[in-house]
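Q: What follows is each chain in one-letter form.
Number of protein chains: 2
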Amino acid sequence: MRVLVLNCGSSSVKFAVIDTKTQESIASGLVENIGVNGHTKAKGPEGKIDFNFDCPTHAEAVDQVKKFLDAQKLTDTIEAIGHRVVHGGKYIKSEKVSQEVIDYIRSITLFAPLHEPAHATGMECATKFFPGLPQVAVFDTAFHQTMPQKAYLYGIPYKFYENDGIRRYGAHGTSHRFVTAEACKVLGTKPEETCLITAHLGNGSSCSAILNGQCVDTTMGFTPLEGLIMGTRSGSLDPAILFYIAKKYGEEYGTIDKLDHLVNKESGLLGLSGLSNDMRTLTQAASEGNKRAQIALDVFCYRLTREIGGIAMALPRIDAIVFTGGIGENSFYVRKQALDNLKLLGYQVDEERNLKSGKESNHLITKDGTPKAIVVATNEELLIALDTEALVK
Amino acid sequence: MRVLVLNCGSSSVKFAVIDTKTQESIASGLVENIGVNGHTKAKGPEGKIDFNFDCPTHAEAVDQVKKFLDAQKLTDTIEAIGHRVVHGGKYIKSEKVSQEVIDYIRSITLFAPLHEPAHATGMECATKFFPGLPQVAVFDTAFHQTMPQKAYLYGIPYKFYENDGIRRYGAHGTSHRFVTAEACKVLGTKPEETCLITAHLGNGSSCSAILNGQCVDTTMGFTPLEGLIMGTRSGSLDPAILFYIAKKYGEEYGTIDKLDHLVNKESGLLGLSGLSNDMRTLTQAASEGNKRAQIALDVFCYRLTREIGGIAMALPRIDAIVFTGGIGENSFYVRKQALDNLKLLGYQVDEERNLKSGKESNHLITKDGTPKAIVVATNEELLIALDTEALVK
Ligand SMILES: Nc1ncnc2c1ncn2[C@@H]1O[C@H](COP(=O)(O)OP(=O)(O)O)[C@@H](O)[C@H]1O
Ligand SMILES: Nc1ncnc2c1ncn2[C@@H]1O[C@H](COP(=O)(O)OP(=O)(O)O)[C@@H](O)[C@H]1O
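Chains E and V, in that order, are what the protein sequence lines are.
The first sequence begins at 3 in the working numbering and counts up one residue at a time.
The second sequence begins at 3 in the working numbering and counts up one residue at a time.
Extracted from the complex, chain E is given alone in its bound form:
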C-alpha cells in the first residue's frame, strides 16, 4: 500500500510517500515557515522542487503537498494518510482519524501547545485536500502507555494526575517501538522474550527500558524536556534551579514563558558549549581543543549513562542496548563514552566495530562474549505507514 505520511508541526508540514511493500520512500519533502513566508522543498520520481511561496496557514501547506504529488503523478496511487502526533494523551495505540479523535487531540493542547493544534488542523486539511482517503493517527506517546503506575507517577499531589493527567508520558515512542522490532530481528529473538534499552539520540533524545517487547520506563516525562541533555533542552534539572534563576534574574527570566524558553531553547549542548547544538560541530571542536565543547560532551555522555542506569533497573536483564537517531546511529564518540561509563554492567566496546557503526558486524559494536550493544537506523515514517496500512485494511 502507498501511504502519505504527514507530520504537521507548528510552522511546518513534513511529508513522505511510503510504499509499505518495498518499505521505500517514493517522495518526500517539507513546507516550512508557515505563517511567515512559505518555503517548500521536495523530491520525487519526477524531480525536485525548491521555492518560496505565500503560505499563511496550514491549508496552503497541505495544498502545496497535494500539488506536488499531482505533479509527480502520485496522488492517485495513495490509498491512505498516516499522521504523526506528538502527544496521544489517553491513546495507547494508533487510531483511525475521526472527529472524536481530532477533538480529543485539540482538547489536550496544553500538553503540547505547539504541536497538538497543528496536528488537528493538519487532519482537517488532509480531509479537504485528499477527500475520501482514510486517515490514521500514530501517537509518539502510545508505545509508553504500558509503563506501570509506579514508573509514570510523579511525587506531586495525586490530584494533578487524577484531574489534569500530569504523569510521565514519554516521547519518541514510534522510534523506540520501531527499533525494538528491528533489534529483535538483528538479535534473532522474539520481542515478547527480549529485554532492551533503546537509546534514541537526536536533537531530542530519550532512552526506554523494554521488557519483553513492552516499554516499562522511559526518560522523557510529562513533556519532552525531561531526562537526557539534548540539543537545546536541559533535560532533568533540580526544579528549584528555576526558582533561583527567576528570583535572581527577574527581568531576564522572571516569567514562566521566559523560563520555558531558557530550558527548552537555550540549554542543553548549546547552552553548555556556548557554541552549537549540533553533535558534529561539538565533537569536531572538542577534538581541536575547545574546552567548553568537551564539557558539553562529557555532561551529555555522563547523563546518558546515568539515565540508562536508572531505567535499566526496571529490567531483569539487558539483552542489548540499541543506539538510534542522528547521534546514536553516527556518533562513535558518544557510543564509546556512554558504554565505557557503563562499566558496572560490563560493556566493552569493540573499537573497530564501533567506528563502522556495526555496519560490518551485524550491527554489533561490543566485543564478542560481552554484553551486547547494537546500532539500528530508526524509521518512524515507515512505522507510521505500516500502522496506517494495518488500520485501514
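Source of the hints: derived by calculation from the structure; they are not laboratory data.
In this text the structure is predicted, and so the values were computed from the model without any measurement.
This list has only true hints and no planted wrong ones.
Same chains, same names: a pair is fine if it fits in one copy or spans any two.
In silico DSSO-like pairs for lysine-lysine, Cα to Cα no more than 30 angstroms straight-line:
(1) K69 / K50
(2) K293 / K95
(3) K250 / K267
(4) K92 / K293
(5) K260 / K249
(6) K92 / K250
(7) K260 / K161
(8) K249 / K161
Chain V with the ligands: place on chain E using the hints.
A: Chain V with the ligands in isolation, oriented as in the chain E frame:
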C-alpha cells in the same frame, strides 16, 4: 573532648553535648518556635525540662541552651562548639569558624534561604553566650565536593555555573560520610578501596555513589529538592510540569513562591497519599488496604531503585548498599521493595535478617553469597563532634 553540637534552623535550635571519647550524647534537646512562642525541651544527667517561654530571636534560644547546660553543670566541661551547616558553597571540608566563614555563609543565603542566615546568627550567638570556646562549621555539602564536573553540571547555559554557582551540591553529606566509614568497619574493608551506594532515607532522602571512599555522584542537587520522593518534597520532576501547573492554576500556584511551596511542602509521600508524610503511618495504612498509601509506597520504592541505578553507573562495582536514616534503619518494607526492584544487580533479601534490620547478622540483610546490603545507624552529631575535635586540637 566534650563538644556542644548546635543545629540552628530557621525557627529552632537543636543541640547535643557529645563526649568524643565515649562517643555518647550526654545531654540533648531543642528550642523550637523561635519568633512565635518559644518552647524548649531537653534532657541531661541532672534531669529534664519541657516548658514554653518567650523566645523572639535565636539569641534567646542559645541563651536558653546555655542556662540548661549551666543547670546541668555541663557548661564548664564543654571545650568546643560544632555547628551543622546545610550549605557549604565552596567549602570542601569542615572549617574553624571565623568572621570570614560567617560572612561567606551569609553570602550564599540564596542557596538555602531558610538555613544559612540562621547558621550565621547561631555562630554569632554562640560567640556571645559561650565566649572563648573555639567553634567549627561542618557542612552538609562538603562530602559531595569530590564529584567530577560531568556529574555536577546541569544542562543549562554554562554562565549559570560560572557566575551563580548553580550546580549539583548534594546534601546529607555528613550522614553519607559517617555511614561510609561505618560500613567499611562492618565490611572489614579500607575506605580507599571500597565502593558503596549509601541511601540516607529520612524525611529528606538522598543516595550517594562512593568510589574508594569519595563521593562521585549523589541524587540531591542544587537544593535538597531533587532526586528521591521524600516526606513532603517531590524529588525529580519534569520541570515543564511547573510551567503547566502555573498556567492552568494561576491563582493557586501562579507565583514562584507558591510553586516552591507546592513541591517542597505539599508533595512527596504526603501529596501522593493524601494521608501523611510519615512512613510508619503509610506502611500501616497500606497494610490495611489504603490504596493511595500503597501508591505512595510503590512510587517511593520505585524511584529509590531508579535513582540508585542511575548513580551506581559511576562505580565499577558495588561492595554494598548501605541503608540509613529513619526509614533506611527501620523500614524493612522499603528495603525489601527497593532491593527486590534491583533484580538486574542481583540483590536477594534475606527476609529474616531484613526483619531484624541486620541486628543479628552483622548488619547484613541480603543472603550469603549474593550482593551485600547492610543497615547502619547514622550519627551526624557524633561526626560533627569528631570534626570539631580534630580541628580545634
Ligand atoms: N556523523 C555524525 N556524527 C555525529 N553526530 C551526528 C552525525 N550525523 C548526525 N549527527 C547528529 O545527530 C543530531 C540530529 O539527529 P536527528 O535524529 O537527525 O535529529 P531529530 O531529533 O531532529 O530528528 C545532531 O546533533 C547531529 O549533529
Ligand atoms: N520503625 C519504622 N518503620 C518505618 N519507618 C520509620 C520507622 N521509624 C521511623 N521511620 C520513618 O523515618 C522517617 C523520619 O526519618 P528521620 O531520619 O528521623 O528524619 P529526618 O530527615 O527528619 O532526620 C519518617 O518517615 C518515619 O516514619
